[in-house]
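Asks: The chain contents come next:
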Amino acid sequence: MMSQLIKSREAILLAAILGLLALIASRFPAYVEPGNLVNVFNDTSTLIILAMGQMCVILTRCIDLSVAANVALTGMVVATLNTLMPGLPVVAILVIALVLGACLGAVNGLLVWKLQIPAIVVTLGTMTIFRGIVFLISDGKWINAHEMSAGFKDFPRMEIAGLPMLSWIAILVVVCFVVVINRTPLGRSFFAVGGNPNAAVYTGIDVGRTQFLAFTISGMMAGLTGYLWVSRFAVAYVDIAGGFELEVVAACVIGGISIAGGVGSVAGTLLGALFLGVIKNALPVINISPFWQLAISGSAIIVAVAFNAQSSRTKGRVILKSAEQTA
Amino acid sequence: MYVSPDVSPDVTPDVRKAADALMTDPILSLDGITKIFPGVRALSDVRLDLYPGQVTALVGENGAGKSTIVKVLTGIYQPEEGTIRVDGQETHFPTAQHAADAGITAIHQETVLFDELSVAENIYIGHAPRGKYGLIDTARMRRDAKELLDRVGAEIDPAVPLKDLGIANKHLVAISRALSIDARVVIMDEPTAALSQKEIEELYELVDRLKAEGKAILFISHKFDEIFRIADRYTVFRDGQYVGAGAMADITEDDLVRLMVGRSVDNIFPEREASPGEELLQVSGYSHPTEFEDISFTLRKGEILGFYGLVGAGRSEVMQALFGITKPSAGSLVVDGQPRQIRSAAEAVEAGIVYVPEDRGKQGAIIGLPIFQNVTLPSLDRTSKNGFTRLAEEFALARKYTERLDLRAASLDQDVGNLSGGNQQKVVIAKWLATEPKIIILDEPTKGIDIGSKAAVHAFTAELAAQGLAVIMVSSEIPEIVGMSDRVIVMREGRMVAELEGDEVTPETLVRHAAGISEGSA
Amino acid sequence: MTDVSNHHVPDRLTTPLQRTLRSWESLLLAVAVAIFLLNTFASPYFLNAWNLSDATFNFTEKAMIAFAMALVIISGEIDLSVASIIALVSTAMGAAAEVGVGTPGIVLIGLGVGLACGAFNGALVTGLGLPSIVVTIGTMSLFRGISYIVLGDQAYMNYPDSFAWFGQGYVFWVITVELVFFLAFAVIYGVLLHKTNFGRAVYSIGNNPVGAMFSGIRVKRVKFILFLLTGLMAAVASVCLTSRLGSTRPSIAFGMELEVVTMVVLGGVNILGGSGSIPGVVIAAFVMGLVTFGLGLLNVPGIVMSIFIGLLLIGVIALPRLWNQFRQARR
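Chains as they are written, first to last, in the UniProt record's numbering: chain F, 1 to 327; chain S, 1 to 522; chain Z, 1 to 331.
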């Protein structure tokens, strides 16, 4: 019974999202029109991409609070590059963003792996450092739309089959994560490291190295998002994505990723991000001030973590034979 | 007799003779292995040889160093000294992967696998079959897993997550994992602890098959019938040292026990005159949904009540319920004539019940705090004034009880984590005596501590009883139970199966009741 | 181990004084003195009583929270919602001021809201057994979110004149009210942690929560009280900060939780729990205040200072570990 419930955690979340959509649709049918749903998904794309990276980190019993600062730093670097070299093709920009983001993530990973500093301390520190560096690079100035080249700005908006490139990238990222998480030894080792680090050592998995790779992946996703963010909004400044790291963690927690590590799925994370995205985009539609959003996502985190804890409460040792039959 | 005084050298079987009888070269050979932890010499110059197609039983009491040698063999620990040879070639295992690459695999005491991963993944993690683009070939992995599971006679769907399985099935998965690695050396650490009789028989068949395939098997077990049933050779460790090895055919059960214990029970257990006083504790019908059922007994002043059973029989669980850590689902408790409900450890201490836990590092000592603060922690109300601590009083109280226990330490201000196991245990006992309890529960009080400290703990336990304390002693060591207890309760699978007194308390009866074997087979 | 029949174990091998001299706190104090001297040479405006007095505002509010936070972290938990509690408390006080409540009433309401926030965190952590890091990330959004719901892009500014005393008043010459609060709480928390049974319980829980429970310590009760205390201290800080700014916006004290945690860790508290001291946190507060003030005098912008704070946070933990690894590698 109980295990059935846990298995269908994603199903419950999906039902919650559909119920939410139905509720909104009953009053504001325009919200569920395909065109608007595409908008909702597109708006949530950056959250989805970041949540995928964060998921890997949380699976290994760590947390990455530096992702939003990484977005800001990578975004500022590529925007600055674009102003200096307007001719640089988007592909090159993408590669630079991915590599730079990965390097920033690797810094976190190295500190966690080689010096065994708790992840929360490391990423609290790098979060302020990354933001400070954005200021140093930009001198506190904004890079505005007119300073960016057309190609740079247009890329995320390019439509293929009615869906903007930004959405396609999010879909591609999700597909990649489905493969990496479910079908590669690295993906499975995330679960092993977070679920039972001692046993992981016995199976020949290097716990620290696995955590390092998770941070690098998280950083890479943040780098990708950095470019997509500044190009989509056509502006780069120090405070971009300020506080967004908490929304990313929220998406993971709502999606059923256990902060204690080792539990979660790509589908859950995707649904967690979509849940927040649907709410965020619905607020203006149903005439609730956007100022409600913060409180709602906060409540959602608490409810989600309480729910997850209830369903995975540790059972005592089963000694009685009679109890084992029913357990 | 089960044990007799003082082992003389001539009972040690002739190792050379045994080796001649089973002439082959060992696949794996350890020599002069020494492993030191802060404060403890876990292994000291030990040797171990494993031969192809043969089962070697590793025998020793708790704390003899069996699990440490397993960790050395599997690359988890690196020994300070000694050589490891595979096929005569000297080698090292700096990581677990190196040991696995050398063809060594272990099935562990506690099922150390991953709840969230599927059964097939648990079997193949680290060496999953790869398909296109180097991705894991899930379909093939499940097929192969199914084959392995069939081989061990387990009817388990390889696609379900491990958390959905019961403990016995998890164990079979662990065994399948060992088989999935094309291992030449298989280490089985108490493999039958969680299995039913039928599953045990199937495991024996499996071991026979592995033998036929020429694998070397290291078999660790506390059950003597099992060792004599399945092993070809034995190696005995005692207190981290090698004491003997040979062929099973050349040794009797009595001699093996003597090697293992290496001393007389009469020598280390204090003489005591049992004169239990009035009834202090009455437990009736204590039950728990999954851990134990219908536990009822009484305890008198000055009495030592032994609790015997195999590992995992539910003894500690009962004790922790008495101490308020877990909640019983039914049952009642009378302490000193007063009906009591104990819902937390704090309430147990108030009622005069204290518990010296088995897991010393986690539940007993507070490593990181100095000795004196460990001792005074439950007694702060008495050493403090209006909630403010008074160091002089604390040192005085700590000194009083640590001196009674003859604690060896550099100073009372020293971190308890730097003490040896035996001295840590003394600190934990001192902590509880300082609360002036009526009932003291000792859970495996001498597990993993050296002989000297063991004798001190035993002498002290006897002294406490003589002073009128009621003592419950949980132990898996038969000599300790026999040597110390006035009365013994035997538990099996969460239930009380026997209550023995006086002449009834013999090693044979204990083993028989604990294992659930009928007359004559123990 | 030899068998000596009357084996004597001394109480202590090192005197408390020796221990103090070798401690992290002494090292930190030396750093503080060095920064002080450096600042004195770097800027002619540094050694001025009024400037120094102004500089204390850089750390007094954060440090008051840091004292309670130190206890929470020593017990093995964390509270990331403190800055949001400041916002919610400030919003409640602003709303009360708006309807004409007097200064004592405003303060009482503020403290009440802070305690309620702490109780909410504490109940979720101890009652439901949830990890404090997630709970307080959630309440961090929730508490500030409520401020946003109430205020939106508005602000409360109608505080009574007497309310200004907390953040702008002076007790004596250049000694501010806040500085007196800071010193008083330093003593109170120092005594609580180092001289009482409660403080001992906090250390035992932080070193080994299971062992503490097995020793009869009421672990949940102690942790609940600790969350109450952080809530209360965040409320006190909110009173001071709101009074100093004279207004409430929902973004008040944004990101301050990180500076508080940095201060605690810099003060030598182990982020994994079990060890640390209040004197350490006090000195760390001075170090951070001096760094910020000194860089401010040199016209370094705030965000760049945060780089120093971030480096300081990682550096103070990384350097001893690097040093250890280096020493072990040489052996």
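Since the hints were derived computationally from the structure, they do not count as laboratory data. Quick caveat, the model's predicted, so the values are computed rather than measured. Ideal placement from N, C-alpha and C gives every residue a C-beta, glycine not left out. Check the hints yourself; a few may be wrong.
Reference listing, derived: stretches of chain F covered by chain Z, where coverage requires no fewer than 3 residues with Cβ under 8 Å from a Cβ of chain Z [said to hold, decoys possible]:
| # | stretch |
| --- | --- |
| 1 | 26-38 |
| 2 | 105-116 |
| 3 | 217-231 |
| 4 | 244-254 |
Derived lysine-lysine pairs resembling BS3-like cross-links, with alpha carbons at most 27 Å apart [stated by the list, open to error]:
| # | chain 1 | residue 1 | chain 2 | residue 2 |
| --- | --- | --- | --- | --- |
| 5 | S | 362 | Z | 220 |
| 6 | Z | 195 | S | 400 |
| 7 | S | 385 | Z | 195 |
| 8 | Z | 220 | S | 327 |
| 9 | S | 385 | Z | 220 |
| 10 | S | 223 | S | 146 |
Asks: Name the hints, by number, that the structure is in violation of.
Replies: 1, 3 and 10
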